[in-house]
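Trainee: Sequence:
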Amino acid sequence: MSGERDGDAVRDAQAGRADHAATGRTTGGRTAAGPPSAEALSELRAIDHGLLVPGDDLARYEESPNGLRGQAAFVTRPTSPDAVGRVLDWAHRNRVSLVPQGANSGLVGAAVPDGCGVLTTERLRTRFELDTAARTLVVDAGFHLSEINERLAPHGLHLPIEVGSDPMVGGMVSSNTAGSYTIGYGDVRRRVLGVQAALPDGNGTLIDLLGPLRKRNEGLDLRHMFIGTGGSFGVVTAASFDLAPLPRSRAAAWLAVPDERRIPAIVALFDADALVACEWLAPPVAELLGTHRPDLLQRLPAGDDHRVLVEYATADEHAERRLVTALAELAERGWVTDATVGPPDRMWEARHAVPEITHRMHPMLRFDISVSRTGISALRTGLTARLTEQWPGIKPLELGHYGDGGLHLLLPVPAKTDTAAVTRTVLDTVVREHHGSFSAEHGIGPNNLDAYLTYVPEPVRAAAKALKQHFDPHGVLRSTA
53 MSGERDGDAV
63 RDAQAGRADH
73 AATGRTTGGR
83 TAAGPPSAEA
93 LSELRAIDHG
103 LLVPGDDLAR
113 YEESPNGLRG
123 QAAFVTRPTS
133 PDAVGRVLDW
143 AHRNRVSLVP
153 QGANSGLVGA
163 AVPDGCGVLT
173 TERLRTRFEL
183 DTAARTLVVD
193 AGFHLSEINE
203 RLAPHGLHLP
213 IEVGSDPMVG
223 GMVSSNTAGS
233 YTIGYGDVRR
243 RVLGVQAALP
253 DGNGTLIDLL
263 GPLRKRNEGL
273 DLRHMFIGTG
283 GSFGVVTAAS
293 FDLAPLPRSR
303 AAAWLAVPDE
313 RRIPAIVALF
323 DADALVACEW
333 LAPPVAELLG
343 THRPDLLQRL
353 PAGDDHRVLV
363 EYATADEHAE
373 RRLVTALAEL
383 AERGWVTDAT
393 VGPPDRMWEA
403 RHAVPEITHR
413 MHPMLRFDIS
423 VSRTGISALR
433 TGLTARLTEQ
443 WPGIKPLELG
453 HYGDGGLHLL
463 LPVPAKTDTA
473 AVTRTVLDTV
483 VREHHGSFSA
493 EHGIGPNNLD
503 AYLTYVPEPV
513 RAAAKALKQH
523 FDPHGVLRST
533 A
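If you read the sequence shown in my numbering, its first letter stands for residue 53, the second for the next number, and so on.
Bear in mind the hints are in silico, worked out from the structure with no lab data behind them.
Simulated restraints, written as ranges between beta carbons of each label pair:
id	residue 1	residue 2	range
1	L274	T477	34 to 44 Å
2	A354	A473	34 to 44 Å
3	G427	K517	22 to 32 Å
As the structure is a computational prediction, the values presented were derived from the model and not from experiment.
Each residue gets a CB set at the ideal place from its N, CA and C atoms; glycine is no exception.
Start from the sequences and build out the full structure, keeping to the hints where you can.
Mentor: Next comes the structure, spelled out in structure tokens:
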């Protein structure tokens, strides 16, 4: 259930891209044995009457939408948290390895089976407990984000996670889904009030911390063991969320910004008001958009400046008026030379089109990185100089969520380029020189395990391994820990 994707990654996948992640593909280790015996499978079928085995249609459990393929020994589909616990106990007894899976929309291969069994939470769909007055929701792991927001809309509420895929609750929690609205509403970790998770400890343990409390200061907050950890320590079976009111009005604008160094201050000005999203296209990306989708480029301010997309969402009816007022102040300061204002859905079309264009560009190295938003300009300047000096044929394409520091770095690489050396240069610069992250949103999986082993400090990895040993002594759940 790990690695639920942000919008850019999703659109790359939906367009048919099957590039490997920039760090290469590596399979994580585990201590559980191989496929189960026929006798063990019979025992599992008694627990899970919906069990699927080779010969059944397993394709959608074995391949992610971005072309990562694997092989499942079986697919178990429990229908309740207790049944999940019984499946995990069975796997513990029989030394069988499992990979938890939600919507299987991850980008780093974390939910793609490598000969192990798949434990899907897609049939955990009973509980949907909405408290409109408290603005909280307790919901089972098998509900999709789209379903949740369709049910919440009549009540004037939403779970404000904006991604291009349609993840399930379990996957969103275990991968800490972020997306375009992170600056305005936070990531999934910010919205989770409680978690229920089944442990693979052989004791049938079900951790239930579902109480939708905004205040709970009772020592160790164990829910965070299951948020963003990729299913390493247990299978998320349900979660409770802090919901947000639907805005009464929204507005968006594309800005032309001649000096990238001004963007953090521009974001800060908007952020003090009603900003919920801030996206950015470097000039080469806008040029690429103009080549392939000139109709969409026409919606952006003319010229060769940096393009910044901002969205406002307000509890009153004046989002556009407030946005225009802020734009006037920026124009007076000389920070913005032009802007186009319009309905958010229309404004976002140009931004969403970029991954649909870049998927056709092969070979391509793709990086999901982050630094402080005040450090993006310095990172780009130094990294571009280093890359073009060592590999003159590389022309970086950069875009991303400038407001939260997330950067999608795309590197079309000429034939015979030493991609491993390019990757090391990029990640060394991001992590070691600029104190950033090699995985801003996508989480950890086989595709970026090498980066995890290289850049996560050894004491942190040792602590994760010790926790893994406690929660999952036989290594039932495949993980990087």
